[in-house]
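As they're listed, the protein sequences go chains A and B.
For reference, each letter of the first sequence is one residue, going 1 to 144 in the numbering used here.
For reference, each letter of the second sequence is one residue, going 1 to 409 in the numbering used here.
Just so you know, these hints were derived from the structure itself, not from any lab.
Any given hint could be a false lead.
Take a look, some chain B residues computed to stay more than 12 Å from chain A by CB distance [to be verified]:
1. S161
2. Q195
3. Y295
Rough simulated footprint, nothing fancy, chain B against chain A, three-plus residues with beta-carbon under 8 Å [unchecked claim]:
4. 4-11
5. 29-38
6. 105-113
Virtual Cβ for every residue (Gly too), placed ideally from N, Cα, C.
The lines below spell out each chain.
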Amino acid sequence: MNAALANLYQEVILTHHRKPHHFGPLPDATHHVRLVNPLCGDEVTISASIHHDAIAACHFEGHGCALCRASASLLTVSVRGQSVQQARALGQTLLNFLQHETDAQEPEGIGDLIALSGVREHPSRRRCATLPWEALLHLLDDCA
Amino acid sequence: MIAAPVALHARRADFPALCRPVNGLPLIYLDHAATSQKPQVVLDALMTAYVERCANVHRGVYALSEAATRDFEAVRHKVCSLIDAPDPRGVVFTKGTTESLNLLAHSLGQRFVQPGDEVLVTQLEHHSNVVPWQVMAKQRGATLVVAPVDAQGTLSLDALSRKLSPKTKIIACTHASNVTGALMDVRSICQLGRQVGALTVIDGAQAIPHLPVSVQELGCDFYCFSAHKLLGPFGVGVLWGRTAILDTMPPWQTGGAMVLSVRETESDYQPIPQRFEAGTQAVAEVIALGAAIDYLQGIGLPEIAKQEDALLQQAKQCLRKVPGLRLLGSEGPSVPVISFVLDGVHPHDVATALSAEGIAVRAGLHCAEPLFSALGVRGSVRISLSFVNTIEEIERLCTSLVQIGVLFR
Numbered sequence: 001m002n003a004a005l006a007n008l009y010q011e012v013i014l015t016h017h018r019k020p021h022h023f024g025p026l027p028d029a030t031h032h033v034r035l036v037n038p039l040c041g042d043e044v045t046i047s048a049s050i051h052h053d054a055i056a057a058c059h060f061e062g063h064g065c066a067l068c069r070a071s072a073s074l075l076t077v078s079v080r081g082q083s084v085q086q087a088r089a090l091g092q093t094l095l096n097f098l099q100h101e102t103d104a105q106e107p108e109g110i111g112d113l114i115a116l117s118g119v120r121e122h123p124s125r126r127r128c129a130t131l132p133w134e135a136l137l138h139l140l141d142d143c144a
Numbered sequence: 001m002i003a004a005p006v007a008l009h010a011r012r013a014d015f016p017a018l019c020r021p022v023n024g025l026p027l028i029y030l031d032h033a034a035t036s037q038k039p040q041v042v043l044d045a046l047m048t049a050y051v052e053r054c055a056n057v058h059r060g061v062y063a064l065s066e067a068a069t070r071d072f073e074a075v076r077h078k079v080c081s082l083i084d085a086p087d088p089r090g091v092v093f094t095k096g097t098t099e100s101l102n103l104l105a106h107s108l109g110q111r112f113v114q115p116g117d118e119v120l121v122t123q124l125e126h127h128s129n130v131v132p133w134q135v136m137a138k139q140r141g142a143t144l145v146v147a148p149v150d151a152q153g154t155l156s157l158d159a160l161s162r163k164l165s166p167k168t169k170i171i172a173c174t175h176a177s178n179v180t181g182a183l184m185d186v187r188s189i190c191q192l193g194r195q196v197g198a199l200t201v202i203d204g205a206q207a208i209p210h211l212p213v214s215v216q217e218l219g220c221d222f223y224c225f226s227a228h229k230l231l232g233p234f235g236v237g238v239l240w241g242r243t244a245i246l247d248t249m250p251p252w253q254t255g256g257a258m259v260l261s262v263r264e265t266e267s268d269y270q271p272i273p274q275r276f277e278a279g280t281q282a283v284a285e286v287i288a289l290g291a292a293i294d295y296l297q298g299i300g301l302p303e304i305a306k307q308e309d310a311l312l313q314q315a316k317q318c319l320r321k322v323p324g325l326r327l328l329g330s331e332g333p334s335v336p337v338i339s340f341v342l343d344g345v346h347p348h349d350v351a352t353a354l355s356a357e358g359i360a361v362r363a364g365l366h367c368a369e370p371l372f373s374a375l376g377v378r379g380s381v382r383i384s385l386s387f388v389n390t391i392e393e394i395e396r397l398c399t400s401l402v403q404i405g406v407l408f409r
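Build the full structure now, drawing on both the sequences and the hints.
Set out below in structure tokens:
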């Protein structure tokens, strides 16, 4: 695997793609949002169980590429236990980072999510990684 | 002694884009169905036309405009020779296949389609041969009927004829699928059309670069294609139609060049083909299309078809050996287009990973969503070949695919 590809499909990404966390329906979900990427037909549904402004659990379902699956899997791990406000701030920070060219400052404190940074050099694949996070922000908007 | 036929991939040297590296790697271009690369003679013709023939056609009485008009009109004759059409008045220049099909949907709809009538398309059409008919059928109060394919994406004549009725006014069908490459039995479809009095519109975008086409043998009423898939420039397409029908059709776009005389409240239109060529034409690009036709005919489309088909069969054999790879479509005559899925790996991941090796393929739904619902997959990887490709390139592809399977699973 050459360097450009290794940067896009980092081991963290491939691990989450092969064995995604929290994949499947969330029986006691209070919120759902489904988004589709018309370019490739990928779809992702984010479900969350939110009580007293805290995200107790978050799952995802759908069909997508390795980047989309890994991004969604990382999302469900990252926002679990966060407040709505924390999750929203994280989502906005990450989207802002991924959707811009390499001049954007690498955000601090995002842990494994930094593994998604490879999509910044692949404009045609950025949406694969951002789709779950866009769904999350829609979902959190419904909590306002 | 007869010399062995020259392997056409030696012609690769004619294509500057295929001789320059991409990301430091030699380009393995397997997306000819999206657009073909252009040989130097076509690029030269385009440049020369802008230098030596840069004038509006059918307008000026000065020498430059007359020369441009002469070269532009000569391409109508070249198109006739390419598709074995009897009359250059039946050749209309458009922006591309999409515009040709939109023109037909609009004009044929006005002329021939009444409320309650039916328009038939097949399930394996490119969106550009579906959406214009959807819109027209809605506007005219007609019904759009879809001839279904089987789970392999094959269209049987039975399935098509079951959808025909005396109400069918138009059949719009591709000559070759842009997903599986399957060639349709256009001749029989046109016969069926004639039996019910339906006009036949053939989308030739994927077929025309790969095999000799005779619109007279096919028996169709209209045939559309794009220059850019035929080694020619972007922005030019062809609509060929039977002159007896074109003569009776109302214009689509209107404005300058398509009128004989304009009064304050009404106008008289030009005869065909100018009636369908409103505004300034892509003069240099049409002239360059002529150079592309000369180039292809210089090689010979029968020889291209023969060598491309041999490469296609070799490529399929190679691909079948890749673990977890499944070819879509069925065995049968086809243009050199192959769709496949790689078990456990999303088509876009396959395409991105191949791109890192300098291999350009297409992934996704290929603007043919209705077909994918029949095939039962959510997308595919597509490779589309040309006579400039080699079996070594296919072997490189297959080696990469094996590695990609291991990486993602």
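Next on the checklist: To test your reading of the hints: which numbers does this structure violate?
Outcome noted: 5 and 6
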